[in-house]
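Residue numbers (my numbering), protein chains in the order written: chain A, 1 to 290; chain B, 1 to 253.
Keep in mind the hints are simulated off the structure, nothing from the lab. Check each hint, because a few of them may be wrong.
Derived pair list, reagent style DSBU-like, types lysine-lysine, alpha-carbon separation capped at 30 Å [what the hints assert, rightly or not]:
#, chain 1, residue 1, chain 2, residue 2
1, B, Lys144, A, Lys28
2, A, Lys97, B, Lys198
3, A, Lys97, B, Lys126
4, A, Lys281, A, Lys242
5, A, Lys10, A, Lys281
6, A, Lys97, A, Lys285
7, A, Lys24, A, Lys190
8, A, Lys28, A, Lys190
9, A, Lys24, B, Lys198
10, B, Lys225, A, Lys285
11, A, Lys281, A, Lys97
12, B, Lys126, A, Lys6
13, B, Lys189, A, Lys97
14, A, Lys242, A, Lys97
15, B, Lys189, B, Lys126
16, B, Lys225, B, Lys198
17, A, Lys97, A, Lys10
18, A, Lys10, A, Lys285
19, A, Lys28, A, Lys10
20, B, Lys144, A, Lys97
21, B, Lys144, A, Lys24
22, B, Lys189, B, Lys144
23, A, Lys97, A, Lys28
24, A, Lys10, A, Lys24
25, B, Lys144, B, Lys126
26, A, Lys28, B, Lys126
27, A, Lys97, A, Lys24
28, B, Lys198, B, Lys126
29, A, Lys6, A, Lys24
30, A, Lys10, B, Lys189
31, A, Lys281, A, Lys6
32, A, Lys97, B, Lys225
33, B, Lys198, A, Lys10
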Amino acid sequence: MVSEFKDLLKYRELLTILVVRDLKVRYKNSVLGFGWSLLNPLVQVLVITVVFKFLMRGGTANYSAYVFCAMLPWLFFSVGTMDAANSLVMYREVMRKTSFPRELIPLAYVVANLIHFTLSTLVFLVYMAVGSIVWWRVTGIWDFALQPTVLLLPIPMFGMLLLVAGVSFFVSVWTLYYTDVLYLTDSLLKVLMWLAPVMYFPEVLRERMPGLRGELVYFLYMLDPLASFITAFRKLTLAPAKMPGSELITQPMGGEEWFYLGIGILTSGTLAMAGYCFFCKRKWKLAERA
Amino acid sequence: MAGSELRNGVIEARGLHKIFELPFQYGTLKALVISGANRKPEVVHALRGVDLTVAAGEAVALLGRNGSGKSTLLSLVGHIYEPTEGDLTVGGRVAPLLELGAGFHPDLTGVENIELNGVILGLTRKQVAERLDAIIEFAELREKIGVPLRTYSSGMQTRLGFSVAVHTDADILVVDEVLAVGDEAFQEKCFARIEELKRSGRTILFVSHEMTDVLRVATRVVWLKDGRVHMDGAPEPVVQRYLEEAHGQPAAP
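Let the sequences and hints guide you as you build the complete structure.
As structure tokens, this is what we get:
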């Protein structure tokens, strides 16, 4: 695996080019370009806000910001996984005619999505900052939700990268062999989204289940690296908020969250290594699947 | 690839076997579940023990009917996949030109595609940048190079692909039926370029069904039959025997 990795370093230029190719193709041919890719999560968040705020009357000030913030890492995970799942199938013909290391194919999509994730996050941070300042100028209320800990965001983002890469190595190979895996992955992602604290705050688990049972459930819940990354991502970015439908205020990023974040990075790192080994064992067989 | 002991441009194959498994109806989990444990993959034995040594600077043409293993052998030398059995050592860098413009994307411009294709074929970005002018000049696409590839005719696309391919400085060119592309004038240019590459000591391993191309380019011809080397030698006699058999004249009693 070490020699494989050295080989990979030699090809980093090709990785760069494949990433740039994907981003160019994605942002070209449309007026809004990068804007379009933000439109989809924005629409989702808008719908969610309307539902929660007006229909269910569980309003939290700025609830949409909290949902959108969690949506960013979630979209990196789900879109990245789906892109990578499709990648080997898309490069089938190219693989049959060329001989570069195959892991570059899913990796290029993962990296392209990471860049996209980073750009969207920056846009979100600027929007939050400017929005708060405008709000203050207009109403005189100083409600600056951004936390100085945003500077630590690269830590959960690194964990996300390991996680998405690890999952992608497995899913891309399986999809090449069995198209069904693509549909299974898609469905599974829909379930995973609700298992992760995207639309809600994880504290709700403890609130609904007080006592030892709740603690246990919370512990197991947080073992999901996605849950720990998204929680960390949100808490590092935004100030604690009042939970919808409850009087509780969420906790800021604390020792417990850091602990789960660490576990998440360890789990994801292991998964990434296992995935890479899995992939490399099969990589020269992939072109034979035509 | 363990090619460091060999001189650049040398190919050495010993007892090369390639077996493809075609698990029937693979592609769906349903098939996997239904067929269960007693599924036997269908097997295609494409190469059945090929021994071949190619010296640096040779231009070797592979002849043979469809399914005789020519493309499989090219793909193995081009390191697309690995042999099932046997040893294959290839000295130096190989450029597999099994398809012109591998990785071309219709939405990217000519220049962007040159970079993509060049790096896939093993050039660095710097090398591509240095050769960009020569590549565009050779392809005769100066005025269209900044527009997306989808606006190119198919002839223009192949010309661009060929041009990138012959500007990589691999020691070994592995070429599958793409020796000459485009119109008459451009084909002449292709052949001239191939002669140039030969003179500069590159090894060329190619497949072609055009006997005139074979006789024009090859310094040696290898005839493959059922995954084995059937005949190996100077171009004229091998091509002649091959044509005799193809046209139904009994070559041997």
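For which of the previously enumerated hints does the structure constitute a violation, in increasing order of number?
-> Of the numbered hints, 4, 9, 14, 30 do not hold.
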